[in-house]
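Trainee: Residue numbers (this note's numbering), protein chains in the order written: chain A, -19 to 182; chain B, 175 to 592.
Treat the hints as calculated values from the structure; they're not laboratory data.
Ideal Cβ positions, reconstructed from N, Cα and C, are used throughout, including at glycine.
Just so you know, not all the hints are guaranteed correct.
[Claimed, not checked] Listing some non-contacts, in silico: residues in chain B with all C-beta distances to chain A over 12 Å: (1) L246; (2) K248; (3) G277; (4) A308; (5) R458.
[Said to hold, decoys possible] Straight line, CA to CA, 20 Å or less: simulated SDA-like cross-link-like pairs of lysine to any residue: (6) A:K(-1) / B:R567; (7) B:K332 / B:T216; (8) A:K108 / B:F379; (9) B:K491 / B:I515; (10) A:K33 / B:V212; (11) A:K(-1) / B:F310; (12) B:K525 / A:D152; (13) B:K422 / A:G8; (14) B:K436 / B:T216; (15) B:K423 / A:D42; (16) B:K422 / B:I303; (17) A:K33 / A:I115; (18) B:K536 / B:L255; (19) A:K108 / B:V212; (20) A:K33 / B:N570; (21) B:K523 / B:I508; (22) A:K94 / B:K494; (23) B:K342 / B:V561; (24) B:K494 / A:K108; (25) A:K94 / B:V212; (26) B:K491 / A:R147; (27) B:K592 / B:L498; (28) B:K523 / A:G38; (29) B:K422 / A:L9; (30) A:K108 / B:R378; (31) B:K423 / A:E104; (32) B:K525 / A:F32; (33) B:K423 / A:Q(-2); (34) A:K33 / B:M521; (35) B:K422 / A:S0; (36) B:K525 / A:D30; (37) B:K494 / B:D528; (38) B:K332 / B:N505; (39) B:K491 / B:I469; (40) B:K494 / B:G524.
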Amino acid sequence: MKKDKQQNSRTSRREFIQKSMRLSMGIGLAAVGGLVAFRVHADDTVWQLDPFKCVACGRCADYCVMTPSAVKCVHAFDLCGYCDLCGGYLKPNANARSTAAENQLCPTSAIRRKFVEEPYFEYEIEEKLCIGCGICVEGCTAFGNGSLHLQVRHNVCVNCNECSIARVCPADAFQRVPTSQPYLIKGEWTKDQDKKKQSPTG
Amino acid sequence: MKKRLIKLTLLIFFICLAVTSFAQQQRFPKPEFETGYVQPPTQQPLPRALFLEYLDVIVLIGALILVSWFLLKKRSRQGVLWTSVFSLLYFGFYREGCICAIGSIQNVALAIFDPTYTLPLTALLFFLIPLITALFAGRTFCAGVCPLGAIQDLVAFKPIELPRWLQKVLGLIPYVYLSLAVLYAATRSEFLICRYDPFVGFFRFDGTFQMLLLGGLFLLVGVFVARPYCRFFCPYGVLLGWMSSFSKKHVTITPSTCIQCKLCSNSCPFGAIEEPLLEEGKRRSNVNRLMTYLILIPIWMGIGGLSGSMLHGTLAKFNKTVYLAEMLVQNPDIRFNQENIDARTFMQKGKTMDELVVDAQKIKSQFYWGGWIAGAFMGLVVGLVLVNLSSYRRRNDYEPDRTNCLSCGRCVDYCPVK
Ligand code: SF4
Ligand code: SF4
Ligand code: SF4
Ligand code: SF4
Ligand code: SF4
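Next up, chain A with everything else stripped away, as it sits in the complex (with noise of 0.2 Å):
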């Protein structure tokens, strides 16, 4: 009580009171660190977008930061039936199986035909060209195996905080990946959720 009275003067009060508010403030801080402690993670993530869940709307091309789109078709070999008609590259109603433009679905012109051995055709994606629309993913969905699927290229996205495109993507494809493991192309990734099933332990 003695020093209290003693400590009674108006700036040592104000001192005591600052001190105790900022110890209350710095818990408030560490009861906020403490409270996510355990969903930290030292890994950095990435955004990246489900090729299954994908329905190849097309907001792909129009919501990125990035213009063209950070999102880019890529081709899984494996997978793919190397068809000469492919659903992917020609247009439904297509006169001929030519290379002319006028054929081609993709409105870049971004995928290119390369002839293997008869009947057989190779289609790779001039990425540069690529806007991202999915309109060949849709098509080779639709007729063909699904190789052709859009994935977020990271040497263009630039990993925003929340990607723009996840925020309208009606089938809930993005989501936040490890930085280690970045993409989820389709033939690879699938072997490697079928190993996992496989094998529990790994």
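Given the coordinates of chain A, work out where chain B with the ligands should sit on it, guided by the hints.
Mentor: The following block gives chain B with the ligands in isolation, referenced to the frame of chain A:
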């Protein structure tokens, strides 16, 4: 060749008939090549290396220490200015605005409320480190590390003084923004702060028209009203202000004792210098008024909470799921409209209407309780602002107002005392 093609065409025709959903199947087996064709690999360009993300954290710490040292030890505005230019180049133009401490509020909020979310350590560090620094040295983050602050600071050519009452009223916006940002992050709806970041489009030299327009507007206003985003919008500034109010050290205008020359009184472009104040009126009546305002706080909180919860329907409309559910319940015909991408996707996914409505209901109830909390928080803020206005703390000298002072160091150069 011809035969095979006809077969293929027929096959495709039948598949077209059969395909009703987007189901996946290997319709055409991979051919066995005879000419030794080697299939090219699917390229996977890597994202930015992880160690670089940690380098960002180190640069953040380094810049914070540097600015604090310039302010508290060297008392040098020049030093602060050049550090802020560096931060603008590094965190702004090189890092393109992401990762940032302001946005990290949402990552932390999401981590608290979403058990499936893993919070990157770097995001947590970006959230905590500037706040801890503010607890010891004031808002040195605002002064020279925040790229959003730096870009506005550089265009503040002709700052005009806003009337005090207007500053107080506009100063409430950041609290609203903070509560909404946390509410939307916690309900997993969206990251408001990132969506309406006004300058990120400039940092990337790319962005939607609205984004660039918003940024341009802020910079234009910023010529006359110094740092409008920092003072009247920034939700992270709220937290920094709390820390700074009770900081251990803080920039002072005068290096020793104020001689009341008033030279500094107009030097702050942000109106953050407080003039000397003597206690007015009788002490007893002041204390009485203070008590009344303190007692009023729970009432403010109640009113705030009630109105927040009443607004929950409107607030929840900005959630994707709630929006879709309400649209489909009101106009069931939209489900068969192929033009509507969201409705079409919903039908393709095979989720039932009932499941969707249940999901939306859940989110709405989150918004209901979130509305209560956010509203009560706003009530508390209003109550405390009133208490603050009515409590006369005696001040003998010209001092920076620790909550709102951005620690820019401009006023330091005005004081003649050596
Ligand atoms: S927005 Fe979603 S559904 Fe649409 S194309 Fe992109 S990933 Fe696919
Ligand atoms: S159709 Fe669209 S997604 Fe496919 S390659 Fe062309 S631009 Fe890319
Ligand atoms: S994270 Fe940003 S840059 Fe990357 S795909 Fe999404 S919107 Fe585009
Ligand atoms: S240091 Fe604070 S009080 Fe001084 S001019 Fe800058 S913001 Fe104003
Ligand atoms: S310039 Fe220095 S001495 Fe003069 S009023 Fe301001 S703080 Fe006091």
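Trainee: All the hints need checking, so say for each whether the structure fits it.
Mentor: The hints, checked one at a time:
The Cβ of B:L246 lies farther than 12 Å from every Cβ of chain A, with a closest approach of about 16 Å, so its non-interface assignment holds. Taking the minimum C-beta to C-beta distance to chain A, about 24 Å, the non-interface status of B:K248 holds against the 12 Å cut. Consistency note on B:G277: stated as away from chain A, yet its beta-carbon is not over 12 Å from all of that chain's, at 5 Å minimum. Not every beta carbon of chain A lies more than 12 Å from that of B:A308, the smallest distance being close to 9 Å; the non-interface claim is violated.
Listed as a non-interface residue, B:R458 keeps its Cβ farther than 12 Å from every Cβ of chain A; the least gap is roughly 17 Å. Straight-line distance between C-alpha atoms of A:K(-1) and B:R567 comes to about 17 Å, which keeps the hinted pair within the 20 Å bound. Note on B:K332 and B:T216: the hinted pairing is violated, with a Cα-Cα distance of about 55 Å set against a maximum of 20 Å. A hinted pair counts as satisfied when its Cα atoms are at most 20 Å apart, and A:K108 with B:F379 qualifies at roughly 19 Å.
This hinted pair checks out: B:K491 and B:I515 have alpha carbons roughly 18 Å apart, not beyond 20 Å. With a C-alpha separation of about 30 Å, the suggested pair A:K33 and B:V212 falls outside the 20 Å cut-off, and the hint is violated. Among the hinted pairs, A:K(-1) with B:F310 is consistent with the structure: their alpha-carbon atoms are about 11 Å apart, no more than 20 Å. Distance check on the hinted pair: B:K525 and A:D152 sit about 13 Å apart at the alpha-carbon level, within 20 Å; holds.
Straight-line distance between C-alpha atoms of B:K422 and A:G8 comes to about 16 Å, which keeps the hinted pair within the 20 Å bound. For the suggested pair B:K436 and B:T216, the alpha carbons sit about 69 Å apart, so the restraint of at most 20 Å is broken. Restraint check: the Cα-Cα separation between B:K423 and A:D42 comes to about 49 Å, which exceeds 20 Å; the hinted pair is violated. Under the criterion of a C-alpha separation no larger than 20 Å, the hint pairing B:K422 with B:I303 is consistent with the structure, at around 16 Å.
Among the hinted pairs, A:K33 with A:I115 is consistent with the structure: their alpha-carbon atoms are about 16 Å apart, no more than 20 Å. A C-alpha spacing of about 49 Å is found between B:K536 and B:L255, which places the hinted pair above 20 Å, so the restraint is violated. Restraint check: the Cα-Cα separation between A:K108 and B:V212 comes to about 23 Å, which exceeds 20 Å; the hinted pair is violated. This hinted pair does not check out: A:K33 and B:N570 have alpha carbons roughly 66 Å apart, beyond 20 Å.
The hinted pair formed by B:K523 and B:I508 meets the criterion: a straight-line CA distance of about 15 Å does not exceed 20 Å. Annotation: proposed proximity of A:K94 to B:K494 is violated, straight-line Cα distance about 42 Å (limit 20 Å). With a C-alpha separation of about 13 Å, the suggested pair B:K342 and B:V561 falls inside the 20 Å cut-off, and the hint holds. Under the criterion of a C-alpha separation no larger than 20 Å, the hint pairing B:K494 with A:K108 is inconsistent with the structure, at around 32 Å.
Between A:K94 and B:V212, the direct Cα distance comes to roughly 13 Å. Compliance with the 20 Å bound is thereby established for this hinted pair. Between B:K491 and A:R147 the CA atoms are separated by roughly 14 Å; this keeps the pair inside 20 Å, and the hint holds. Between B:K592 and B:L498 the CA atoms are separated by roughly 66 Å; this puts the pair beyond 20 Å, and the hint is violated. Annotation: proposed proximity of B:K523 to A:G38 holds, straight-line Cα distance about 17 Å (limit 20 Å).
A C-alpha spacing of about 16 Å is found between B:K422 and A:L9, which places the hinted pair at or below 20 Å, so the restraint holds. The suggested pairing of A:K108 with B:R378 holds, with an alpha-carbon distance near 19 Å, which does not exceed 20 Å. Proposed proximity of B:K423 and A:E104 is contradicted: the alpha carbons are some 61 Å apart, above 20 Å. A hinted pair counts as satisfied when its Cα atoms are at most 20 Å apart, and B:K525 with A:F32 qualifies at roughly 16 Å.
Simply put, B:K423 and A:Q(-2) have alpha-carbon atoms about 11 Å apart, close enough for the 20 Å limit, and the pair holds. Between the alpha carbons of A:K33 and B:M521 the distance comes to roughly 13 Å, so the proposed pair stays at or under 20 Å and holds. About 11 Å separates the Cα atoms of B:K422 and A:S0, which keeps this hinted pair within 20 Å; it holds. Annotation: proposed proximity of B:K525 to A:D30 holds, straight-line Cα distance about 18 Å (limit 20 Å).
At most 20 Å may separate the alpha-carbon atoms for a hinted pair to count; B:K494 and B:D528 meet this at roughly 16 Å. With a C-alpha separation of about 53 Å, the suggested pairing of B:K332 with B:N505 is violated against the 20 Å cut-off. At roughly 35 Å between alpha-carbon atoms, B:K491 and B:I469 are farther apart than 20 Å, so this suggested pair is violated. Our distance criterion of 20 Å between C-alpha atoms is met by B:K494 and B:G524, whose separation comes to about 18 Å.
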